[in-house]
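Residue numbers (my numbering), protein chains in the order written: chain A, 46 to 318; chain B, 46 to 318; chain C, 46 to 318; chain D, 46 to 318.
Keep in mind the hints are simulated off the structure, nothing from the lab. Each hint should be verified, as a subset may be incorrect.
[Stated by the list, open to error] Taking lysine-lysine pairs in the DSSO-like style, the calculated list, with each CA pair at most 30 Å apart, reads:
1) A:187 <-> A:233
2) C:187 <-> C:129
3) A:233 <-> D:233
4) C:187 <-> C:233
5) B:233 <-> A:233
6) A:187 <-> A:129
7) B:187 <-> C:187
8) A:187 <-> D:187
9) B:187 <-> B:129
10) D:129 <-> D:73
11) B:233 <-> C:233
12) D:187 <-> C:187
13) D:130 <-> D:73
14) D:129 <-> D:187
15) B:129 <-> A:187
16) C:233 <-> D:187
[Claimed, not checked] Incomplete in silico selection of chain A near chain D, CB under 10 Å:
17) 199
18) 202
19) 232
20) 233
21) 244
22) 247
23) 249
24) 273
25) 276
26) 285
Quantities reported herein were computed from a predicted structural model and do not represent experimental measurements. Glycine is no exception: its CB is placed at the ideal position from the N, C-alpha and C atoms.
Here is what each chain is made of, one letter per residue.
4 protein chains.
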Amino acid sequence: MLKEKPGNNGWRDQVHEVIFEADTYGGKLFDIGLILSIILSVLAVMLDSIAEVRHIFGGELYLIEWIFTVLFSIEYIMRIISIKKPFSYIFSFYGIVDLLAILPTFLSLLFPGTQYLLVIRILRVLRIFRILKFVQYITEAKMLRQALLASRRKITVFLFTVLTVVVIMGAIMYLVEGAGNGFTSIPKSIYWAIVTLTTVGYGDISPATPLGQMLASVLMIMGYGIIAVPTGIVTVEFSRLKDNQVNTQSCPACGKDGHDNDAVHCKYCGHKL
Amino acid sequence: MLKEKPGNNGWRDQVHEVIFEADTYGGKLFDIGLILSIILSVLAVMLDSIAEVRHIFGGELYLIEWIFTVLFSIEYIMRIISIKKPFSYIFSFYGIVDLLAILPTFLSLLFPGTQYLLVIRILRVLRIFRILKFVQYITEAKMLRQALLASRRKITVFLFTVLTVVVIMGAIMYLVEGAGNGFTSIPKSIYWAIVTLTTVGYGDISPATPLGQMLASVLMIMGYGIIAVPTGIVTVEFSRLKDNQVNTQSCPACGKDGHDNDAVHCKYCGHKL
Amino acid sequence: MLKEKPGNNGWRDQVHEVIFEADTYGGKLFDIGLILSIILSVLAVMLDSIAEVRHIFGGELYLIEWIFTVLFSIEYIMRIISIKKPFSYIFSFYGIVDLLAILPTFLSLLFPGTQYLLVIRILRVLRIFRILKFVQYITEAKMLRQALLASRRKITVFLFTVLTVVVIMGAIMYLVEGAGNGFTSIPKSIYWAIVTLTTVGYGDISPATPLGQMLASVLMIMGYGIIAVPTGIVTVEFSRLKDNQVNTQSCPACGKDGHDNDAVHCKYCGHKL
Amino acid sequence: MLKEKPGNNGWRDQVHEVIFEADTYGGKLFDIGLILSIILSVLAVMLDSIAEVRHIFGGELYLIEWIFTVLFSIEYIMRIISIKKPFSYIFSFYGIVDLLAILPTFLSLLFPGTQYLLVIRILRVLRIFRILKFVQYITEAKMLRQALLASRRKITVFLFTVLTVVVIMGAIMYLVEGAGNGFTSIPKSIYWAIVTLTTVGYGDISPATPLGQMLASVLMIMGYGIIAVPTGIVTVEFSRLKDNQVNTQSCPACGKDGHDNDAVHCKYCGHKL
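Please work from the sequences and hints to get the whole structure.
Here it is, written out as structure tokens:
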């Protein structure tokens, strides 16, 4: 996002400043109005999905949905027009979310029901972090993402192991339990294995034979235990992150480092840092 | 809580010492009696909620409830009278809890049923830590709270992510499963998504279509895995706390503390420790 | 356990050596036979509880139960006779377990059904660690216990918080849901709150009103998140334990410590340790 | 796996290079074809287990199953023939998996239904790591395995504790709840205890008496809390691994490695690093 001096650059620059920046009074007002509109429109979609509410307020909610969609469409077009490099916006994360936030209403004309996908508008609320100048929140979010990225290989290996276990366990349980107890096919048995390993345990399908219950017990204890693996991985990455945060400044006198961020003097020789 | 010498300051000071302090014989006795009363009154409320018990002992329990309420009301008034700064007590955590511990009985005269909120009296039992002089317990509790506070931003980001996931997943499942399988509205589907992501898995609502079960599987594995995130955050904060705990040495020159264990000089003023 | 030289100390010493020690051939043989008897007798109790099995083999299993009980009773008496200080054995952990392992059979003559408590015999299998000379296993078990003991105060604070939450949440849900949906009393609602907070989620009781489901969602996310607290506590204790395990030997030349256990030379000055 | 220069060593060497190596064009092509065949054959087995699909495409799927089995059998024989030391392959992990991947089809001629065990073929997909030259993935997997191996004793102690708890709790609940509520035998009650302790909570069996619900609550809170133990163990091992990973410097004098980052001298021979 380019930051330019407001001047005699015409209406485009003024629009850009209002909808892309949050520094001016107009920009702040616009952003707050936007967040409120997003939340209201998501609530409207949710209410519309409740049969009793739709029965009474169906017309009003349909109108509200279209009003918000038209408003968001205008905003989307204004964003494209006012920015210097429209394509970098269109294909950015926010650009795609902004488009997905209006598409379902138009799609619902062709495929009824798809308007409920409008809840994806909730993602637009992420902009809230910008308005509130929650720089620290963004830093923390970045740190979390960085730690998860650093452990992606270990997590892939873990997920592959989990998938292998549930596929094989699903097939065995299909043979052991048979179709009588809900294990009607291998994919369904795999679904059951996932429900069990992740300790969700709906109980919509559950083993009834002694052998099946024994195997399920093994799977449960396994699921109960191996949760330790991703937890361990992520914890270690987080603790690493913390260490990196530590000051890397070294003392100009003795050359030692490892000082705290608030240190004014070297803790080894007392020299001013 | 002010600590004053008992003397010829009149009955107010004596009352204050008995109900606010736990150092004297009278104060200790009062506190033990208070804890017992609290536990008994909470048990009475619980018993009263069991239909079979209320059927037989309803009158007695109603009487007990009023006796305890009157006693606690007198105690509440005495506390306000005997303390120097009544408002700082009234609006303190314990002041509000003490008020909430008597209000429901009076409210139940207007709105039957609210007397069950009396279980909030259980919070009064927190005073037990004071009597038993479990200073260490209070220290530990403070340390836990401190660590959780230190990680509040990361946890906010985590909760926001979780909420976004359950809202979007709820809407998708509403479309995929339809009202037939219990997914009667988006809010209900979001409730299901929370039940699933947190690995609670009641099974009151569970997907029945193959596509729904596939999406649910993804949500379950996600919920199973991302529990690692808050765990990692909190663990790192706890381990940090442990480290900070070690050295409580303060600088003889500037008086600041928070030095590392291997520090030879004060990191703020450079003075030898 | 005293270790004495076998000599002309009579039959008592010989009995003692066989049943208390595992160093001699006889002692080892006795211990292996004991473990097998324990496992067999526990299996017999389990089988006896299955109606179909009891119907056919009830007599045989009853006989087996009495045979094992008589054998274990003789062993118990022999242990008391052969040891120098009988009371220190009787009131030790193993002494009490040994008694509990025979009592239920005799009690079942008075109170039918109590014989199923014989499964407590499984605790006797703990002796297996002694026979197999799994010294390391005992060390590891001690380390785990030590870490858990070190964090007992924090865990008490945590448990107290959890109990307070489930009591208050139980009372609120009792008011919100009413008896119609299974929330028939406050104790039952508290049971539901525990089932939910611990993410077990049987589904035998589950909220049906929108408000109840909202409150339940809050409880679930809370339960999902605060599991991080005990995990963090225990992890930090374990990591501390690990550090303590590190060699505390200091270099005789430069005096620095922190050497690995396999270090032969000081890593700072190269002097022989 | 021996790596030899391709030359005039006959067709055996050429076959070996294609099916065992992934460096040449032919070898890579073979491996990609193999992975695709494995995935397709596993999908075919899964589809065949769905009654509706088998009803329509049963014949085709049966044919596909046999085609893949014949292909994999030929590949298995080729592997044995082309390798120098056939037995070291046959009894290796991959050798056994390759055999298990074809056996069920032949077994299904004798015992109908066993063909579903063919999903074990999914294990063959592990070869994918070799083709894609995901050396890092293998390193990460090895690190995870190493950490789990290092904590195997602690985990054994933990599992033994869990087993003891569920056996004793199962027997008590069998007595408390009786056969009426699904606790029909001690083994079944133990199954319930595992379902509860691991926080899976199907709800197929759940306590109905007040005492049973109280005991179940204790078990749930226990299960909710002790998950911290394996998590703590594994996390500490992982963090250790991380530390060990850092320094890979080996001593110029004695060649040993595993030195700390702050080491100046080799800890084995004292030579300057």
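Results of checking the hints against the structure:
Restraint check for residue 187 of chain A and residue 233 of chain A: the C-alpha separation of about 38 Å exceeds 30 Å, so the hint is violated. A hinted pair counts as satisfied when its Cα atoms are at most 30 Å apart, and residue 187 of chain C with residue 129 of chain C qualifies at roughly 27 Å. In summary, the hint linking residue 233 of chain A to residue 233 of chain D is supported, as the alpha carbons are separated by about 24 Å, within the 30 Å threshold. The straight-line distance between the Cα atoms of residue 187 of chain C and residue 233 of chain C is roughly 38 Å, outside the 30 Å bound, and the hint therefore fails.
Restraint check: the Cα-Cα separation between residue 233 of chain B and residue 233 of chain A comes to about 24 Å, which is no more than 30 Å; the hinted pair holds. Between residue 187 of chain A and residue 129 of chain A the CA atoms are separated by roughly 27 Å; this keeps the pair inside 30 Å, and the hint holds. At most 30 Å may separate the alpha-carbon atoms for a hinted pair to count; residue 187 of chain B and residue 187 of chain C meet this at roughly 29 Å. Restraint check for residue 187 of chain A and residue 187 of chain D: the C-alpha separation of about 29 Å stays at or below 30 Å, so the hint holds.
A hinted pair counts as satisfied when its Cα atoms are at most 30 Å apart, and residue 187 of chain B with residue 129 of chain B qualifies at roughly 27 Å. Between the alpha carbons of residue 129 of chain D and residue 73 of chain D the distance comes to roughly 21 Å, so the proposed pair stays at or under 30 Å and holds. At most 30 Å may separate the alpha-carbon atoms for a hinted pair to count; residue 233 of chain B and residue 233 of chain C meet this at roughly 24 Å. The straight-line distance between the Cα atoms of residue 187 of chain D and residue 187 of chain C is roughly 29 Å, inside the 30 Å bound, and the hint therefore holds.
Proximity of residue 130 of chain D to residue 73 of chain D is assessed by CA-CA distance (about 23 Å); at most 30 Å being required, the pair is judged to hold. Of the pairs offered as hints, the one joining residue 129 of chain D and residue 187 of chain D holds, with about 27 Å between alpha carbons and a cut-off of 30 Å not exceeded. Note on residue 129 of chain B and residue 187 of chain A: the hinted pairing is violated, with a Cα-Cα distance of about 50 Å set against a maximum of 30 Å. For the hint linking residue 233 of chain C to residue 187 of chain D, the alpha-carbon distance of about 48 Å lies beyond 30 Å, and the restraint is violated.
This hint holds: residue 199 of chain A has a C-beta 5 Å from the nearest C-beta of chain D, less than the 10 Å allowed. This hint holds: residue 202 of chain A has a C-beta 5 Å from the nearest C-beta of chain D, less than the 10 Å allowed. Satisfaction of the interface hint for residue 232 of chain A is found here, the shortest Cβ-Cβ separation to chain D being roughly 6 Å, below the 10 Å cut-off. With 10 Å as the threshold, the beta carbon of residue 233 of chain A comes within range of chain D, its nearest partner Cβ sitting at about 8 Å, so the hint holds.
The interface hint given for residue 244 of chain A is met, as the beta carbon of that residue sits about 5 Å from the closest beta carbon of chain D, less than 10 Å. Interface hint at residue 247 of chain A: satisfied, since its Cβ lies 7 Å from the closest Cβ of chain D, which is below the 10 Å cut-off. A distance limit of 10 Å between C-beta atoms decides the matter here; for residue 249 of chain A the minimum to chain D is near 9 Å, and the interface restraint holds. Interface restraint check for residue 273 of chain A: the shortest CB-CB distance to chain D comes to about 4 Å, inside 10 Å, so the restraint holds.
The criterion of a C-beta within 10 Å of any C-beta in chain D is met by residue 276 of chain A, whose closest approach is roughly 5 Å, and the hint holds. Hint on residue 285 of chain A holds. Least Cβ distance to chain D is approximately 7 Å, under the 10 Å limit.
Checked against the numbered hints above, the structure breaks hints 1, 4, 15, 16 and satisfies the rest.
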